[in-house]
Amino acid sequence: MIASILDGIVFGLQLGLLATGLSLMYGLGGILNLAYGQMAVVSAVVTVFAIDAGLPVPVAAVVGLATGALVGLVLDLTVLRPVYAQRGEARVLLSLLVSLGVALMIDGFLNWRYPLKGLSIRIAGGPVEILGEPMLRGSLVASGITIVAMGALLAFFRFTTLGRAVRSVIEDEQGARLVGIDPRKMLRLILVLSGAIAGLVAITRSMVTPVDVTAGFGITVFALIVTVVGGLGSVAGALAAGIVLGVVNAIAATKIGTFMSLVILLVVAAGTILVRPAGLLGVEE
Amino acid sequence: MLEVAGLSAGYEGGDVLRGIDLRVGDGEAVTVIGSNGAGKTTLFRAIARLLGISAGAVRFDGKDITGLAAHQVARIGLAFVPAERHLFPRMTVYENLVLGAYPARPSPDTMEMVLDLFPRIAERRRQLAGTMSGGEQQMLAIGRALMAEPRLLVLDEPTTGLAPKLAAEAYAALRELHAGGLTVLVAEQQVPLALELCERGYVLDNGVIVKEGSSAELAADPEVRRAYLGVA
Amino acid sequence: MIERFGDASGTSAVGGVEGHAPRSLARLVVPVLGVGVVLSLVPLWLGDSRVMMGIAVVGLTFAAYAIGFNLIFGSTGQLFLCVGALAGIGGYGGAILADVVGLPIVVSVAAATAAASLVGGILSWVAVHRSLGVIFTGIVTLVFALTFENLLLGLGGLTGGESGFFLEAGRDTFLRRQIPPYYLMLGLVLAALVVHGQLRRSRVGWAFRALRDDEVAAELAGVDVARHRILAAVVGSAILGLAGALYAFTEGRISPTTFGFAEVDVVVLVMLAFGGIGSLLGPILGAATFTVIDELLVEVGQLRVFLYGALVIALFLGIPRGVIPTVTDHLRRRRGR
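From first to last, the protein sequence lines stand for chains A, B and C.
Last residue of the first sequence: 284 in numbering that gives the first Met the number 0, with the numbers rising by one and none dropped.
Last residue of the second sequence: 231 in numbering that gives the first Met the number 0, with the numbers rising by one and none dropped.
Last residue of the third sequence: 336 in numbering that gives the first Met the number 0, with the numbers rising by one and none dropped.
I should point out that these hints are in silico values taken from the structure, not numbers from a laboratory.
We put the CB at the ideal spot given by N, CA and C, even for glycine.
Among the hints, a few may not be true.
To be verified - To list a few chain C residues with every Cβ distance to chain A over 12 Å, as calculated:
no. : residue
1   : V28
2   : L45
3   : V57
4   : D98
5   : P103
6   : H128
7   : L150
8   : A168
9   : D171
10  : S254
11  : G308
What the hints assert, rightly or not - According to the in silico footprint, chain A covers these stretches of chain C (three or more CB under 8 Å from chain A):
no. : segment
12  : 129-139
13  : 261-268
Here chain A stands alone, though its shape is the one from the complex (with noise of 0.2 Å):
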């Protein structure tokens, strides 16, 4: 039961920093990215590619996240220029049909060019005991990485004035439009942002388990989840969902199954709309 509470939690963390990504170019610019789980994806294919060249594993990585902030750079600029033309509802709409016809780019070009990539990073050492239950080291070391871009992340929403700008886009982008902030720029910075949350996510994923190119979509799923439960738009609920339903789903694996616990979620997403939109943990912010 430790045990299970304690992978939970990694994975929760994980769960919690990808919702963010997702959340906010939702609460941002009303695009619902349908392609996340594949900027992922991408991410990860290239720090493979990084590391069979002979670099460093870290210097892999960086490289590996800054592509999925590319990633996110060239939607900015190509296929979601047409969507920003849009506003509301009909602008959630397209990025969402727009951004599955990405998402199927991605994953049908990366299943036919190289079906057999996976990323795994090994973290040297072995287990570490946590509350009496061996941890693998590589979980450690992940949760870590997790926690301090979650640090870091909060750290600039609250702190820094480009933070405060995105945020005040959040809050009303008319008025922040009068205090001379250009909301196109700040949804740009947010996609670039999710392509290397994204991209980061993956990669410390692959120290727990393996991350192949068939995973962008299930990714998707799950930042979608826990972007519902958490609210829309809400960085503090999607971290918070993101570790509730970490646990939840480490338990409920272990007990009856993954594709049952996979069930509960999403069982806990469609209660979460039904009974309150705004998101179940919509932390006021």
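Fit chains B and C to the given chain A structure using the hints.
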């Protein structure tokens, strides 16, 4: 400082404003008065570039700003305070003010000036903007606009939803700013307050300017008195 | 299609375009008969090949899916991202009722269809009563679709899990022969077209279009928006469930991927986006085109998915209203001039 020439603008399905000419000189305070639906908000949103223009031009310091976006206008010294205020409700008062100076870092002097001007919001620096009363939010909206050290302050009905005492307080602050040399353009339904602050005014009715003159002239005009000052 | 959902301001850019829907009976009968005649000739051409007939049946099944989805999404703006799941309720429901419970095939199919219809109706009822809007309806139904998929995998004892369910019922009947399944499915497609056409023609259909163009205007005109949404979902889901059930009995084997989101919903969305969301024959054109394209692309393997993705983007950004409405508008304008 501001020149509006032959401006027509509106929303899908037709222009609300037709051929508006309006001028605000350096250091002046000018008001636009008119009833609900006369087009005041449309005019101001067009000036602040929140709304497309179908004909005419808006010049600021002699430069045509018709092609600029709202955030660019804000950066060149034209600050707009809309009637709905558009504050950032779940951010603190302090954060709202800091963002007012965006992209620059807020200057300590300006921050001090704003907090001195509005002691009520100075007390609430750590409070979330959305939890304040309407009057406090209005003052914060003006304060946030001032943080950019604008040369022209444009306000759309700053007394909307305010109790008379708070409306008077807001105007007292505006008078102080104007006395300090700030150029002001304000739309108002509470005409006496506006005429007291401003040197000149325009009367907007049904999308066209029907009258202009000094505040004294307007206050003496029988039609203005009947329609906007409640004098029979 | 995008602008049909309008923004909150309620300005409807395309309001008038599809106002002239087929009100006369001829404008329904002629296209349906035309489609029926052309498609009933297909076995004369491909009837010798078991493989080709199998593909043709799949094509018709997707045409039926697309009509069902069109009825729900195209006509009343409810983004049901659970086409595969609703069809799966029909397919798995029918298979389990017939093979495990032992009911006659006809009864199994009817019951499974009713179940799909009921589930679709409940989803719509929930969406309408919680005022979910397009996006949240999409998310809830997507979540439902994923739940269904994982339930199929999780309840492997009943469903056969990943390896799928092999149907005993109907094994030695006409359902598994080479040609009859094609006509059975064609009958369903034509019936579905007639149902959709009748709905479009009726006062209810007028309400549907009014609803799509401008909800407020529709409500002002005394249209019970909520009821029509739910009705569309019930009818559309029944078509989906029936198509899924018939497919299961004619194919003899179903698996979670038979009704998967990626395998069904994405494809149906592409077909409909191509043919024209909301138009009567859009689903037929879309299904026919993509069944052929799919065959042509078999050799490129996974690259097919890539091309699908590129096409989705091109379609939604390039001709968001689809081929049929774009072409008919063009013709109408030329005639009008």
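Decide, holds or violated, for the assertion that all CB atoms of chain A are farther than 12 Å from the CB of D171(C). holds (34 Å)
H128(C) non-interfacial with respect to chain A [C-beta, more than 12 Å]: violated (10 Å)
So is D98(C) really clear of chain A, every C-beta pair being over 12 Å apart? At roughly 22 Å from the nearest Cβ of chain A, D98(C) sits farther out than 12 Å, so the non-interface label holds.
Non-interface claim for L150(C) versus chain A (Cβ beyond 12 Å): Non-interface label fails for L150(C): nearest chain A Cβ at 6 Å, not farther than 12 Å.
Check, residue by residue, whether the segment 129-139 of chain C contains three or more positions whose beta-carbon lies closer than 8 Å to a beta-carbon of chain A, and give the verdict. holds (count 9)
Please settle this one: A168(C) was flagged as non-interface, so is its CB more than 12 Å from every CB on chain A? Fine: 26 Å to the nearest Cβ keeps A168(C) off the interface.
For V57(C), is the shortest beta carbon distance to chain A beyond 12 Å? The claim stands: V57(C) keeps its Cβ more than 12 Å from every Cβ of chain A (closest is about 19 Å).
Checking a non-interface call: every C-beta of chain A should be farther than 12 Å from the C-beta of G308(C). Is that right? Answer for G308(C): violated, closest chain A Cβ roughly 3 Å.
Least C-beta distance between P103(C) and chain A, which was stated to exceed 12 Å: Label holds. Min Cβ-Cβ 31 Å, cutoff 12 Å.
Beyond 12 Å on every Cβ pair: is that true for S254(C) relative to chain A? holds (14 Å)
Can you take a look at whether the segment 261-268 of chain C is actually covered by chain A? Rule is 3+ residues, C-beta closer than 8 Å. Our answer is that it holds, as 3 residues pass the Cβ test (under 8 Å) against chain A, meeting three.
For L45(C), is the shortest beta carbon distance to chain A beyond 12 Å? holds (28 Å)
Violated hints, listed in ascending order, are 6, 7 and 11; each of the other numbered hints is respected by the structure.
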